[in-house]
Every structure is written in structure tokens, then in C-alpha cells.
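Residue numbers (my numbering), protein chains in the order written: chain H, 612 to 744; chain L, 612 to 744; chain U, 4 to 410; chain W, 4 to 410.
Hints are computed from structural coordinates only; laboratory data are not their basis.
Note that the coordinates shown come from a computational prediction; the quantities given were computed from them, not determined experimentally.
Warning: the hint list may mix true and false statements.
[As the list claims (entries may be wrong)] Taking lysine to aspartate or glutamate pairs in the EDC-like style, the calculated list, with each CA pair at most 20 Å apart, reads:
| hint | chain 1 | residue 1 | chain 2 | residue 2 |
| --- | --- | --- | --- | --- |
| 1 | W | LYS401 | H | GLU635 |
| 2 | W | LYS273 | W | ASP371 |
| 3 | U | LYS401 | L | ASP637 |
| 4 | U | LYS116 | W | ASP95 |
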Amino acid sequence: MTDKAFPYSEKVMDHFMNPRNMGEIDDANAIGDVGNPACGDMMRLYLKIEEDKIVDAKFKTFGCGAAIATSSMLTELLKGISLEEARAISNKAVAEALDGLPPVKIHCSVMAEEALAAALKDYEARSGGNGSN
Amino acid sequence: MTDKAFPYSEKVMDHFMNPRNMGEIDDANAIGDVGNPACGDMMRLYLKIEEDKIVDAKFKTFGCGAAIATSSMLTELLKGISLEEARAISNKAVAEALDGLPPVKIHCSVMAEEALAAALKDYEARSGGNGSN
Amino acid sequence: MGDDRKIYFDHQASTPVDPRVFEAMIPYFQERFGNPSSHIHTEGVRANQALDAARGQVAELVNSETDEIIFTSCATESNNLGLRGFLKANPDKGRHIIISEIEHYSILNQALKLKDEGYEVSTLKVAEGGLIDPEAVENAIREDTALISVNLANSEIGTIQPIKEIAEIAEKHGVFFHADGAIAVGNIPIDVKELGIDALTISAHNFYGPKGIGALYLRGGNNISPIFEGGFQEYGMRSGTENVPGIVGLGVAAELASIEMPKRIEHLQKLGKMLWKGLEEEIEYINFTGHPIQRLPGHISFWIRYIEGESLLLMLNIKGVMAASGSACSSNLKGADEEDLAASHVLTAIGVPAEFCSGSLTVSMGKDNTEEEVRYLLDIMPEVVEKLLMMSPLYADKLRGKDPYSK
Amino acid sequence: MGDDRKIYFDHQASTPVDPRVFEAMIPYFQERFGNPSSHIHTEGVRANQALDAARGQVAELVNSETDEIIFTSCATESNNLGLRGFLKANPDKGRHIIISEIEHYSILNQALKLKDEGYEVSTLKVAEGGLIDPEAVENAIREDTALISVNLANSEIGTIQPIKEIAEIAEKHGVFFHADGAIAVGNIPIDVKELGIDALTISAHNFYGPKGIGALYLRGGNNISPIFEGGFQEYGMRSGTENVPGIVGLGVAAELASIEMPKRIEHLQKLGKMLWKGLEEEIEYINFTGHPIQRLPGHISFWIRYIEGESLLLMLNIKGVMAASGSACSSNLKGADEEDLAASHVLTAIGVPAEFCSGSLTVSMGKDNTEEEVRYLLDIMPEVVEKLLMMSPLYADKLRGKDPYSK
Ligand SMILES: Cc1ncc(COP(=O)(O)O)c(C=O)c1O
Ligand SMILES: Cc1ncc(COP(=O)(O)O)c(C=O)c1O
Numbered sequence: 612m613t614d615k616a617f618p619y620s621e622k623v624m625d626h627f628m629n630p631r632n633m634g635e636i637d638d639a640n641a642i643g644d645v646g647n648p649a650c651g652d653m654m655r656l657y658l659k660i661e662e663d664k665i666v667d668a669k670f671k672t673f674g675c676g677a678a679i680a681t682s683s684m685l686t687e688l689l690k691g692i693s694l695e696e697a698r699a700i701s702n703k704a705v706a707e708a709l710d711g712l713p714p715v716k717i718h719c720s721v722m723a724e725e726a727l728a729a730a731l732k733d734y735e736a737r738s739g740g741n742g743s744n
Numbered sequence: 612m613t614d615k616a617f618p619y620s621e622k623v624m625d626h627f628m629n630p631r632n633m634g635e636i637d638d639a640n641a642i643g644d645v646g647n648p649a650c651g652d653m654m655r656l657y658l659k660i661e662e663d664k665i666v667d668a669k670f671k672t673f674g675c676g677a678a679i680a681t682s683s684m685l686t687e688l689l690k691g692i693s694l695e696e697a698r699a700i701s702n703k704a705v706a707e708a709l710d711g712l713p714p715v716k717i718h719c720s721v722m723a724e725e726a727l728a729a730a731l732k733d734y735e736a737r738s739g740g741n742g743s744n
Numbered sequence: 004m005g006d007d008r009k010i011y012f013d014h015q016a017s018t019p020v021d022p023r024v025f026e027a028m029i030p031y032f033q034e035r036f037g038n039p040s041s042h043i044h045t046e047g048v049r050a051n052q053a054l055d056a057a058r059g060q061v062a063e064l065v066n067s068e069t070d071e072i073i074f075t076s077c078a079t080e081s082n083n084l085g086l087r088g089f090l091k092a093n094p095d096k097g098r099h100i101i102i103s104e105i106e107h108y109s110i111l112n113q114a115l116k117l118k119d120e121g122y123e124v125s126t127l128k129v130a131e132g133g134l135i136d137p138e139a140v141e142n143a144i145r146e147d148t149a150l151i152s153v154n155l156a157n158s159e160i161g162t163i164q165p166i167k168e169i170a171e172i173a174e175k176h177g178v179f180f181h182a183d184g185a186i187a188v189g190n191i192p193i194d195v196k197e198l199g200i201d202a203l204t205i206s207a208h209n210f211y212g213p214k215g216i217g218a219l220y221l222r223g224g225n226n227i228s229p230i231f232e233g234g235f236q237e238y239g240m241r242s243g244t245e246n247v248p249g250i251v252g253l254g255v256a257a258e259l260a261s262i263e264m265p266k267r268i269e270h271l272q273k274l275g276k277m278l279w280k281g282l283e284e285e286i287e288y289i290n291f292t293g294h295p296i297q298r299l300p301g302h303i304s305f306w307i308r309y310i311e312g313e314s315l316l317l318m319l320n321i322k323g324v325m326a327a328s329g330s331a332c333s334s335n336l337k338g339a340d341e342e343d344l345a346a347s348h349v350l351t352a353i354g355v356p357a358e359f360c361s362g363s364l365t366v367s368m369g370k371d372n373t374e375e376e377v378r379y380l381l382d383i384m385p386e387v388v389e390k391l392l393m394m395s396p397l398y399a400d401k402l403r404g405k406d407p408y409s410k
Numbered sequence: 004m005g006d007d008r009k010i011y012f013d014h015q016a017s018t019p020v021d022p023r024v025f026e027a028m029i030p031y032f033q034e035r036f037g038n039p040s041s042h043i044h045t046e047g048v049r050a051n052q053a054l055d056a057a058r059g060q061v062a063e064l065v066n067s068e069t070d071e072i073i074f075t076s077c078a079t080e081s082n083n084l085g086l087r088g089f090l091k092a093n094p095d096k097g098r099h100i101i102i103s104e105i106e107h108y109s110i111l112n113q114a115l116k117l118k119d120e121g122y123e124v125s126t127l128k129v130a131e132g133g134l135i136d137p138e139a140v141e142n143a144i145r146e147d148t149a150l151i152s153v154n155l156a157n158s159e160i161g162t163i164q165p166i167k168e169i170a171e172i173a174e175k176h177g178v179f180f181h182a183d184g185a186i187a188v189g190n191i192p193i194d195v196k197e198l199g200i201d202a203l204t205i206s207a208h209n210f211y212g213p214k215g216i217g218a219l220y221l222r223g224g225n226n227i228s229p230i231f232e233g234g235f236q237e238y239g240m241r242s243g244t245e246n247v248p249g250i251v252g253l254g255v256a257a258e259l260a261s262i263e264m265p266k267r268i269e270h271l272q273k274l275g276k277m278l279w280k281g282l283e284e285e286i287e288y289i290n291f292t293g294h295p296i297q298r299l300p301g302h303i304s305f306w307i308r309y310i311e312g313e314s315l316l317l318m319l320n321i322k323g324v325m326a327a328s329g330s331a332c333s334s335n336l337k338g339a340d341e342e343d344l345a346a347s348h349v350l351t352a353i354g355v356p357a358e359f360c361s362g363s364l365t366v367s368m369g370k371d372n373t374e375e376e377v378r379y380l381l382d383i384m385p386e387v388v389e390k391l392l393m394m395s396p397l398y399a400d401k402l403r404g405k406d407p408y409s410k
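Construct all of the structure, not just a fragment, from the sequences and the given hints.
Here is the structure:
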């Protein structure tokens, strides 16, 4: 039983209305494509990685306000950090950066974490697996 | 299922507030004593009968508003009529004379009819049964 | 019909909505009318916030957690949800329940239904003042006792039960304990943690909140099933679009009660003493009912030998004083059958012989009643009683030396 | 956030209380606050008279007898009383029930519970427009069919069912027929005698009455049991102190609906046509849902390919337009589990593939909405849709020639 649900935090609304890094990266070398519309959410994360550093991050998302906001926040968190730092980013970190999500929307932040994992895996695959720990 | 219940009709309230013929008749020759306080109602009807005619009628009643009003109305109806006419007075007639009673209070008018019957029976008993039909 | 005086002395049946409560409700009818389930738009969110705030206010009044409050439509529903909902969710807890013989019909009639369904019901006797003996509760508990339900205060005779003592026994034996606080919550201090109860019925219209809204406190960790199915509102325990203005009203009524309770109680105890003393002095054949001390403040109940209750009430009403015979909200005479006219189960339970029960009166005062109003009642009582005594065949018998009340 | 415009297009979730309804309710909070069961005093009598008057007004709206109206706390309760109450009172009528697949949760979840208890449930499929085929009802009827329950109009897609035809079949086979009129009564003409139904659910807050009050029409001669026990209010079928102001509000809302319905419908049909036409012209990827003609006036529902419903609603809300995704009052996301986020059962029922259901929108207009408001929505829709299309990976795929919606 919980009492906090909607409305979204102001930060969620801000990222929903003014999503950062919305779009695609033509020369992305890591793409994470997760979710599907039947579940209500689908997220595609584009990363440009240079020398173990994320130099650019963009997204396209089909989903609710929380899905869009977590996508936006995730790309913000990712830009400019190392792969090692990126691997440490959890769904909780994304949710917290947004001042929290309603319980029923936690799965959106989980999707962000999954998109990141998928993108990193894609990068490893492209670069021959030499980026893993 | 019925929708008419309380409030009592104006006539009931009038007879309740200003009961007619309340009291006892010292030389009554017919007394009807019915009901008991456990049922919530008790009525004692006093009649003075002369030559098959009711020359006086009084009552004492322990009971609800409807019980008091039916007692009062009954005595009004009885005063001055013949025994034969009295025998024809039904509980319905008393209720109608009061512009009706709520369904749950119909039993009060039944009690009035019973009190009358008891008084007439008492009269017959006293007069050796020669007053019957 | 004399002057236009109207004195309301029937607060156990219902109370007027406090102007401050009504003020707080107003916006939720025409402006903030959103459905709390419309999470996505402004009006829905506002409605939701109103629910949360009210839940907090009610929780504060009874010292529960916010998420331990479930809104319902009335105390009757809360009582049904508390008992039936618990039994449905816990079929393995046994088929025996314990209630007292002076419960409201929403408990008594449930118990009858449960009996039909194979439950066994122990109905505790009460002492003359209406008190349940905690020891009797302990003696009634069996291996298969699923729950105990007891009214916190009785509307007809005002008696307040030793809830804490009973709760301790229930806890000791691991039995779920529901208290019916319909007319107690908001009128006397109630702290669910301090009392140690599992569930508590709350009724808004009995403490200056609106009709059509009640609540059930349910201690966290307890599991109940809804009594009707739907869209999972109220933590899934009570479906149906929420009565938002009603809930807001309940919340504010709770807040006002939290703040003003000591003052209200002091005032009502004063009025109560004044009325008790006055009646005792002036009405010769009076018998007070309920417990002299463990009773709701401002609640005076009695019967008068030789005269019948409804006729007394009617006369008082004509003189502008509204009171009750027994529990006004306990039964509906409309279309009811004769059985309902039988003596009150509460009065027979406390030992008033059945033949005298129809003389019972309940005068329940509220926070806005005045000493002057009590004085008025004391002024008119003697003549009204005298008038009815004069009509009474029982009194006539007594004057002739055949007193039906002296055996 | 632009201007302060607030346009409410979510009347299927709830409606504002009409000022005239509210006006009529006011006295019953603070002045006429008596308990209708307090038959003996003035305030009780007044409360009772208010109930009688309201019952008459509601009866007039649906053309029933006065004593065929039972007040409840909401449509959810009425639905539960209609089904569960009938089955409880008629255990010999068989263990099979028929509903449709587009019922509200208060019917669907009851059906699930009934299944658990050994009932068999036939769930009728609907056609693309959401219509139930009366012939399918006839085919589903068995020897042991106890009841049929069908929603008169569906809140999510607006479709109005052929109730009269279904009622004739039910009558022919002697089966009890309940219609869930929660969002239909008061908004479209309903005549229970002409339709020939046994029971009808009525919801005040769906036609400019207050929340917290509903009713069940029950044809005379039908026998139902209460779903909770108590003091026998409402002809013994619904216990609990009556929500007098709520009932008064329902009554006046019913009276206003009786009088103003033709005018309201004409107005709403005009707005509905305008919106439908405008959206059709301006939104390229739109798909309307529900029946094009047999639908609630002023109710438009649709989904848009490539974009998701909640994000669309959120953006519209920021621009001051409040609408719904599916049925707002059908489920409570607060504390609900992920399951509730699944595609709407109504949309999948009418053949919208599950993967597209999350794009569904319901715009339900009310009597006080204006053409100007519709025009505003039509003005802002294209840019909002465009913004979401730009964000959508599905749309990006489509532009690349991999359209997920074309098989
Ligand atoms: C068809 C239908 N029935 C019943 C209900 C339940 O109404 P309430 O939540 O007011 O009880 C709704 C709610 O929208 C509905 O659309
Ligand atoms: C102790 C008790 N419980 C429950 C109720 C039922 O309250 P309601 O009729 O408001 O549902 C009453 C009514 O007086 C009561 O006195």
C-alpha cells in the first residue's frame, strides 16, 4: 500500500516536455533497442563511444511520460562519462535523478537500464568483445 | 414496499395533541381492556350504554401517537350511536376517519377495534348476553 | 404549536455538518470534480491529492498510519467490510465469532447471516450499565474463534466499552478485533495504537461530517477481502468512484475533532450533568439507562414508568425538542414489519423488562447545544410527562394501588 | 505552460455537479441534516420527505415506479447489488450467467469471483464497433442461466448496445436481465418499461449529480438480497444511514436531465460531429473506435498509429485539455500492479491489436462544452501529435519503410 502515485515530479514533467537529446545518432556505434509497443513502451538508445568514453547519447521512445523522461534523463547522465561509469548506472539512479517515479512507473526506469545494457552489449559485439570487464 | 410512512396526518396529530374523551367513566357499563405494555400499546375503553345506545365513551391509553389518536377517534365515532352501528365499526373506519395511518401503525387501529369488541362483550356479559345479535 | 424553537438533541442519530467542513467541501462539487482515477489530467490529480489529505486527517484523529484508512459509504458498510471482509480473506481462521448483545443491527444481522452460513456466534451478555466484561470475552474465546466485534460506544444507552482490556485479550489469543466506533470516533479520544485494535469503524455524520461517507481503520498487515468487486479503488478493498467531497468533509471533520475535542467534551459533560440532575429532581418516575460514568459525553438515556416513549417524543417534538427513542439509525420503520416494533434489544439486554422498553428515550447533545436549551427541556418535561401520565391506564392502576412496576 | 485555459473533455470519468443540483443539496448539510430513520421528529421527517421526492424524480427519469428505485453509494455498488443480490436471493435459478467482454470491472471482476464460487460465465464477444449481437445472447442462454448483464453504453468506446432486443430475448427465456447504465442514464433517453429490463444501474456523478450516490432500478416482483446487512433502509435492500444530500442531488440531476435531455443531446451530437470530422481531416494516422452511429452523444474515441496514449494525454493536459485514455474510472493505478498497465480489455475486444491499444484516447464532452473548445483541441492536436511522432522509434521505422502497422 502506498499513497504517492501521480502526479509526476516537476523534473519528470520538465524532461517529458523538453526532452534532452531526442533523436538519432547517424554514426552511433552502440544501439540499445528494448521494449515493445504491446507493453506500452519501447525505447531506442543511441550512443557514440570514443576511447571508452560516451561522447554522445540520443534516444527515441514510444511510451508514457515517465518512459520519455527516463530516456531523456538517461542520455543526460550518460553524456561524457566512461563506459565503466556507465555500467554503474542503475534504474534507481535514473529514477532518483528525476526526483523519483510513481511506483507503477518504476518499470520505465528499468527499461532505461535495460536499454543501456543492450547498447553496451551491442558495443561490445561490434568491437569484438574487448570492452567487457 | 411502500413509501408513505410517517409523518402522521394532521388529523392524527390533532387527536394526539387534543385527545377527545380522555379519562374514565365511573359508572361505565362496558369496559374493554386490550393490549399490554410489552407490545408497546395498551388501551382501556369505557362505554356508558343506555337502551342499546352509547351515551358516553372515554379512554385511557398507553401507547404511541397513533394509539392515542385512534383511541380518541374511536370514542368520537362511538358517542351517540347504537350498539348495532358500533358493531359495524372496523379498524379501517377508524383509520380512515383519521385520514389514514402509516402502514406500521395499522395495528393501533386494530387495537381500537379489539377494545371496542372487548367492551361490547363485557356489556353482553354484564347484561346477561341479551345484547347480542 | 407554540414558538418556533427547534432544539436538536438527537446527535446520536446524526449531526449537522460543521460550517467549516461544508466550506471545505464546496469546491469539490463544481470546480474540483475530477475522478481520482483520472491520474493523467489536472482535475484527476487534484481529486487524488484531496483524498490523500483527508486520509491523513482521519489517520491523525485515530493515530493510525495514513494507509490504514479505507473510505467507505457509511458505518454500516465499514462494519460489514470489517467482519465479512476479514472472514472472506481468512477462511482458515475458524468458524466462530464473538459479538455482544448490544451491537448495532449492521453487526447483529451479519451475525445472523453468518450463522446461516455455518458460523457459530457467541453473543456476550452485558451488565446492568451495559458494560461488557473482558473476562467474559476471554471465556468465550475458543480455538476456532476468528474474530471479536464490539461497539465502542452504544448509541442507545451511551455506554463506552473497556476496549483496551478486550483488545489485550484478543491480542493474547491472536484473534482479530474489530471495534464499531460509529458514534464514538470524533466524539471521544480514540487512539488505535494505544487501544491495540485491528479494525475500527468510523462514521462522518456522527461527528459533524457529511452523510454518505465512512471509513474503516485496518491495522497494517491484516488481510481483508472487498465486499464488492470493481476497479480496485481504496487499495483494492473498496471499489467505486470515490465520494471526493464527502471524503474531504470527513477529513476536515476529523481535523476539527482532533483540535476541539477537549473543549467539546468539557462542554457536553457539563450539559449532560445538568440534564441528568434536573431530570432526576423533577421527574418522579424516571429510570436512567446505561453506565453512569463510562458514557458518551452529553448523552442521557432513560425511561419513565407508566408512559410510552414515542408519545413522549412526539410531544417533545411539538414543543420543539428533537430526541430519539432508542437508536434512530438502527432500524427503519418504513415498510418494516411488526417485529421491528418489539422492545429494543439493547434495553432488554441491560435488564429493563420488555414491558417497559417502549418508554425509552435518548437525549444526545452536540457541541452547539446550550445550557439554555437544556433548561428549556427541563422546563417542559414535567407538564408533558404529567399529560401522558393522565392518559395512562397503567398510571391509573398505580393510583388505585395496583402498580404494574412493583412486583 | 501557455494560457490558463482548462477544457474538460472527460465526462465519462465524471461530470461537474450542476449549479442547480448543488443549490438543492445545500440545505441538507447544515439545516436539514436529520436522519431519515428518526421518524418521530421534524428533522427526521423532513429528511424522509426529501428521500421520497428524489425517488420520484429518479423514477420519472427512467419511467419506473417510485418504489422500484433503491439508492446506493455508486454504480459499482449498484452493479454488485444487481448481480450478487439477485443470485443470492435466487439460488435455484441456475449457476450460469452471461456478460459481455466489454463490461466494466465491477461486472468483470464479479464474474471472476462468481467463477471461483462455481458459477459458469459466458462472456459474449462483440463486433468491431463494440456491439453485442442479440442472437449471440440467445445462443448463450441455457437451461440454468440465472442472469444476463450488459452495459448500456461503454465508457471507453461510447457504443450503445441493443438493449431492447436483448431484453426481449431474456424475457422470452425467463432470464433476469440487468443493464449497467452507469454512463448512459441521464445522458440518453432510457425507459425501463419500453426496454423491458429487470434492473438498471444508475450513477449520479455521470450526469451532473454528485459523487457518492447511485441507484439501482429493480423491476417490481424481482427478489434480491442485500450485499450488506444492517438497519433495513431502502426497503431492506441497502442498509446504512442514507446520504440525504447526495440523494437530493441525484434527484434534481434526474429532473434536469428529464427536462433538458433533447437539447443536451442535440448540442453534443453537433460537437461530436465537429470533432470527428476535424480529427479525421487533420490527423493522418488516426483510427476511430466504437460504433460510428450507435454511440453516446459527444463521445469520440480513437487511437493514433505510432504514438502512445498517456504521453498524448499528458501533452494535451499541459495545453489545458483534459481527456482520458480508456476508462478513467475503471481502474486505479495507485498501488496497482503491472497487470493494470496491460492493454484495455475493451479495445482488444473490438479487435484493436494489443500492441496498439496503449494509444487509445477518449474525448467525452459535456453539456457545457462549446464549439470554441472543440476548435481549440483541433488546433493543438496536429503539433502535439507531430511532436510525439518525432520521438517515436516506430514512426522512424515507418519512415524507413518498415511500418510496424502494415502487415
Ligand atoms: C459502464 C460503467 N459501469 C460502472 C462504472 C462504475 O462507476 P463508479 O466508479 O462510479 O462506481 C463505470 C465507471 O466509469 C462505468 O463506465
Ligand atoms: C454503533 C453503531 N454502529 C453502526 C451504525 C450505523 O451507522 P450508519 O447508519 O451511518 O451506517 C450506528 C448508527 O447509529 C451505530 O449506532
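Below or equal to 20 Å on CA atoms is what counts here, so check W/LYS401 against H/GLU635.
Distance of about 15 Å is within 20 Å: holds.
Can you confirm whether the C-alpha distance between U/LYS116 and W/ASP95 stays at or below 20 Å?
holds, 19 Å
Next pair to validate is W/LYS273 with W/ASP371; report whether the Cα-Cα distance is within 20 Å.
Satisfied, since the Cα-Cα distance of roughly 13 Å is no more than 20 Å.
Does L/ASP637 lie within 20 Å of U/LYS401 when you go C-alpha to C-alpha?
The hint holds at about 17 Å.
Against the hints set out earlier in the document, no violation occurs for any number.
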